[in-house]
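A.B. asks: Residue strings, one per chain:
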Amino acid sequence: MKKVNWTVVLSGVAVGIAALLLSALGNPANMGFCIACFERDMAGGLGLHAAAKVQYIRPEIIGLVLGAFIMALVKGEFRAKGGSSAATRFILGAMVMIGALVFLGCPLRMVLRLGGGDLNALVALVGFALGIFIGAQFIKRGFSLKRTYTMGAAEGAVLPAFMIVVGLAFVLFPALFKTSEEGPGSMRAPFFIALAIALVVGALAQRSRLCMVGGLRDAMLFQDFKLLYGFIAILAVTIVGKLALGHMGWGKLTPFNLGFAGQPVAHSSHLWNFLGMVLAGWGSVLLGGCPLRQLILAGEGNGDSAITVFGMIAGAAISHNFGLAGNPDANGVVGGISLTGKIVVLAGFLVLLAISLINLPKGQNKQA
Amino acid sequence: MVDARGYSCPIPVVMVQRAVKAENPKALTVLVDEQVCVENVTRFAKASGYAVSVTRDGEDYRMELTK
Numbered sequence: 001m002k003k004v005n006w007t008v009v010l011s012g013v014a015v016g017i018a019a020l021l022l023s024a025l026g027n028p029a030n031m032g033f034c035i036a037c038f039e040r041d042m043a044g045g046l047g048l049h050a051a052a053k054v055q056y057i058r059p060e061i062i063g064l065v066l067g068a069f070i071m072a073l074v075k076g077e078f079r080a081k082g083g084s085s086a087a088t089r090f091i092l093g094a095m096v097m098i099g100a101l102v103f104l105g106c107p108l109r110m111v112l113r114l115g116g117g118d119l120n121a122l123v124a125l126v127g128f129a130l131g132i133f134i135g136a137q138f139i140k141r142g143f144s145l146k147r148t149y150t151m152g153a154a155e156g157a158v159l160p161a162f163m164i165v166v167g168l169a170f171v172l173f174p175a176l177f178k179t180s181e182e183g184p185g186s187m188r189a190p191f192f193i194a195l196a197i198a199l200v201v202g203a204l205a206q207r208s209r210l211c212m213v214g215g216l217r218d219a220m221l222f223q224d225f226k227l228l229y230g231f232i233a234i235l236a237v238t239i240v241g242k243l244a245l246g247h248m249g250w251g252k253l254t255p256f257n258l259g260f261a262g263q264p265v266a267h268s269s270h271l272w273n274f275l276g277m278v279l280a281g282w283g284s285v286l287l288g289g290c291p292l293r294q295l296i297l298a299g300e301g302n303g304d305s306a307i308t309v310f311g312m313i314a315g316a317a318i319s320h321n322f323g324l325a326g327n328p329d330a331n332g333v334v335g336g337i338s339l340t341g342k343i344v345v346l347a348g349f350l351v352l353l354a355i356s357l358i359n360l361p362k363g364q365n366k367q368a
Numbered sequence: 001m002v003d004a005r006g007y008s009c010p011i012p013v014v015m016v017q018r019a020v021k022a023e024n025p026k027a028l029t030v031l032v033d034e035q036v037c038v039e040n041v042t043r044f045a046k047a048s049g050y051a052v053s054v055t056r057d058g059e060d061y062r063m064e065l066t067k
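Chains as they are written, first to last, in our numbering: chain A, 1 to 368; chain B, 1 to 67.
It should be emphasised that the hints constitute simulated quantities derived from the structure, not laboratory data.
Among the hints, erroneous ones may be present.
As the list claims (entries may be wrong) - Derived EDC-like pairs: lysine to aspartate or glutamate, alpha-carbon spacing no greater than 20 Å straight-line:
1) B:K46 with A:D224
2) A:K75 with B:D57
3) A:K75 with B:E39
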């Protein structure tokens, strides 16, 4: 068990470097990669929500899915499958997204924010760990969304095909899509460079099964630390990179800045950073992987993960159409979330609790 | 016998863990259909003191755990 899995570490290091590079090239600060944020930008780009500051067809999402798709094909690991509680997964995907956008980041961006010195992410990490712990209790008692079945190859190719179509349409007819002129959606690394970087990261993540949820989950369930090394590698690379390169003024990379206040695209409403990530962590454990992992699995042909990704995109649209997402701190005023947002996060816990209980093995619900 | 075909990790490992906890069997057959689950179940089984042998059966993997 003590043996370090170097594929995972290498993959974590690559994700860390890629994130630094993407931020230096123009992505928002501490947001080299953020699956939740970028799917939200995509939802905006597709016109599913009208938040003008977060609309852009992010090549990173396209690249991650296609990188995993190509690698899975090359390695003979592409398997079309599905049929494991698709509708439930759609709802869970939406819940994870709502929780993540309250905090303003998916688990991966949480690690990147922490690496940049943003202590709000530390509060979120405690919540995330608690969410994973809660979910793990149900997994331990036999929770499952039931088995998957082999599907025709076309079912497994849905998300890769969707990404190719959206990507091509965006390159050929950019005016069809909404694209932010200010705010995080307007901050972006050049399209094809970002696409290339994401292809490499997607391929590596496919090989290593890198997952931000899996590390803590497996450590809690089986004292298995394999995936946790990836998590730690990303954090280490980001801290070192921000300390070294950020202060040298490397591209648009911002320097390491320890504290709660004045962090980029972040708010310091502690309770809601905490609760948002409890929701995201718990939901992700029920889904079997973090938002990044869902993209990779969908690239490998998993239709259940594809529907989860669509659920997340829908969740992003709901977040912004109903004003549930966190507002960044601005000019010394603490941001945070609206009353509606708070109510929906709390309601989200009830939804997760119901899904967790209903999907325990029959006859054991009472013992749980 | 644990039939974990169609389940994604960590569920197969939990299924094995529950079977081991309940009966502490000397031998246990586990069916999975993902390479990554073979790796994960193997790691767990070895840590629990089992020897593992794996045979490929079409799309599936048959794992024999013994101690």
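A.B. asks: So which of the earlier hints does this model not fit?
C.D. replies: Of the numbered hints, all hold.
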